[in-house]
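Listed in order, the protein sequences are those of chains Y and D. Position 368 (the first sequence) corresponds to 367 in numbering that gives the first Met the number 0; numbering is contiguous. Position 29 (the second sequence) corresponds to 28 in numbering that gives the first Met the number 0; numbering is contiguous.
It should be emphasised that the hints constitute simulated quantities derived from the structure, not laboratory data. Everything numeric in this text was worked out from a predicted model, so none of it was measured. One should not assume that every hint holds.
[As the list claims (entries may be wrong)] To give an idea of the chain D side of the interface with chain Y (calculated C-beta under 7 Å), a few residues:
id : residue
1  : L4
2  : I10
3  : F13
4  : L15
5  : K58
6  : F72
[To be verified] Rough simulated footprint, nothing fancy, chain Y against chain D, three-plus residues with beta-carbon under 8 Å:
id : region
7  : 23-31
8  : 154-161
For each residue, glycine too, the CB sits at the ideal point set by N, CA and C.
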Amino acid sequence: MYKKILIANRGEIAVRIIRAAKELGIKTVAVYSDADKNSLHVNLADQAFNIGKPLPSESYLVGKKIISVAKKAKCDGIHPGYGFLSENADFAENCIKNKIDFIGPSAEAIRLMGDKITSREIAKTAKVPLVPGTDGEVNDNEALGLAKKIGYPLMIKASAGGGGKGMRLVHEESEFENSLKMAKSEAKNAFNNDAVFIERFIQEPRHIEIQILGDKKGNVVHLFERECSIQRRHQKVVEEAPSPGVSEKTRKKMGEIAVKLAKKVSYSGAGTVEFIMDQKENFYFLEMNTRVQVEHPITEMITGIDIVKEMIKVSYGHELSFKQKDIERKGHAIECRVCAEDPDNNFLPTPGTIFYVKSPQGPGVRDDSSLFNGYKVTTFYDPMLSKLIVWSEDRDSAIKRMSRALSEYIVLGVKTNLGFLVRLMDDKDFISGKLDTGFIEKHKKLLKIPKENSNIATIASAIMLHAGIGVKNLERDPKFTPWKYIARRASVSRNSMF
Amino acid sequence: MKYNLKINKKIVSFELEEEGNGYKIVLDKKKYSAELVKIDSNLYSFICDGSTYTIAIQKEGKRIDLFFKGDLFSYEIPSQRDKGGTENTSGIDKISAPMPGRVVKLLKEVGDIVLEGEGVVVVEAMKMESELKTTIDGKITDISVKEGDTLDLGAHILTVESQDKK
């Protein structure tokens, strides 16, 4: 096994990897920017090295610096985590050139699957379903015939497009000719190129992805799917496994297809094949992520497989210790990403200092976090603070458990999305499981703080203000004991948040 | 005793009297009985009309940050000037530039009726667009900028006046 690995990342994922390495008996080396000197990952690692200024382009993205630290500290492996250098094929190659293992797939696999165009081509040869559409631009004479074949509703998109220009949604054939004309003229004006292509429009799409694991001996397995349809700004907020919208038959088919695709590029390590799925369970390949995914814990919870440890073991050359038929799933897991952002203000990040944090506990609760009292949320990095994960025997009880766990979570100092998550877990549409990527857009009321909550907050602040002026001391008196406190609470009606 | 607190630029007024171990509070003409007890550094047990809650509070200078049911409420203890005849209790919301910037879009015209929380103007500052919202229900009575205008910090943009003002 590796003797010592470097973790080329920060935040909760660096902490997650350090924990896995420690449990495998591997020494760990953290790297940190000036902004992260007091971080949890620095504190938990056996060794830590500063790699530069806060901006990622001057620290976490500088492969050269990271490799030179790894050499200096005599590391035999580098785990890239997610984001930063994790999908950078040149970095993976440079690690190997410097005789340090890149804990992830081969540079070749990253290159092939990381590129949207080549990955689509590979998917095509592996007979992975793609959103039906024309392969390239269409000419006016054949357009109507092709549209009929693709089926309605469909999208006409400018080949040179972007920003919604030259894009038309067509519901039925009678609208087609006119829409085509308009899309082309818009494209011509915007990009000086009137080439367009046609694609099926997926209504109320769900984001479903398959977790895969491969070793260097050619074995690849899948660990079932995750549903990640609750998104804002095209980024996931809540994920769950299994998906409430995927039948056993589709699950099996998706899993097999993902494995087939991974085998095409001799994939090793952890990876995710992402699909877009309509409400009738037709699914189409979106892209592949050649790294550990933020939401990997929910798969760990339902399969009992430690994905990060497996990544390290297969990278070292171990064969996967299980076969597809050995993998079973049990129960239901949900993850909520706790972010420093204001849901009522377009989810804008809310930098600041966290005075006080208290994370939930109790059965079936896992909090993958890098928070502590005094943690500074900066604008240099992602606003995600922690991932709250729960497991329970079925979806309904998992939602209730998440709701309970969220009610115990306290983050004081910056606005977070916790209140939104609390309300989401209580929403009847979320509970019913009818999800699509437009869910948040359709449930904007969840972004607002209920009036009764603001009233409670105001009353409590009123007392604080009054006491603060020195009229009355709120400090517990010396005769106060926790037993008295418990008795007091028991004496009032039970309608509390705990 | 009468008090004011400021949240989201809006003044909340309430009356508070001590009553036994706790307090009697009148807010929005409704009466509440409440107690607040510190249990740990920032943690408080809050009992209000028979229900118990755990609340986290940080008080620093003129600011009270309060965490409840997942949401953060930031209150400001208003300065002397804000007390009594404040802009909002008088039914007038004068919207001004929160930082130097530019008017991107006026969402309303003079005479338009707006509701509390409704966006009235989009301004751009530090390359970011943000919508300024009115804190009262009312009618737009004047607009002193046009789209494209640059704004100094605190520059007056428009006025909303409450319609049920005497």
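Item to complete: Classify the hint on I10 (chain D) as holds or violated, based on whether any CB of chain Y lies nearer than 7 Å to its CB.
Response: violated, 11 Å
Worksheet item: Can we keep the L4 (chain D) interface hint, with Cβ of chain Y closer than 7 Å?
Response: holds, 6 Å
Discussion item. Min Cβ distance, F72 (chain D) to chain Y: is it shorter than 7 Å?
Written reply: holds, 4 Å
Worksheet entry | Check of the region 154-161 of chain D against chain Y for coverage (Cβ-Cβ below 8 Å, three residues minimum) | The restraint on the region 154-161 of chain D is violated, since only 0 of its residues have a Cβ under 8 Å from chain Y and three are required.
Worksheet item: Against chain Y, is F13 (chain D) within 7 Å by beta-carbon distance?
Response: holds, 5 Å
Worksheet item: Quick check: the region 23-31 of chain D, covered by chain Y? Criterion 3+ residues, Cβ under 8 Å.
Response: holds (count 4)
Practice prompt. Against chain Y, run the beta carbon of L15 (chain D) and see if the smallest gap drops under 7 Å.
Written response: For L15 (chain D), the interface hint holds, since the closest Cβ of chain Y sits about 5 Å away, which is under 7 Å.
Worksheet item: With a cut-off of 7 Å, does the beta carbon of K58 (chain D) approach a beta carbon of chain Y closely enough for the hint to hold?
Response: holds, 6 Å
Taken one by one, the earlier hints fail for this structure at numbers 2 and 8, listed in ascending order.
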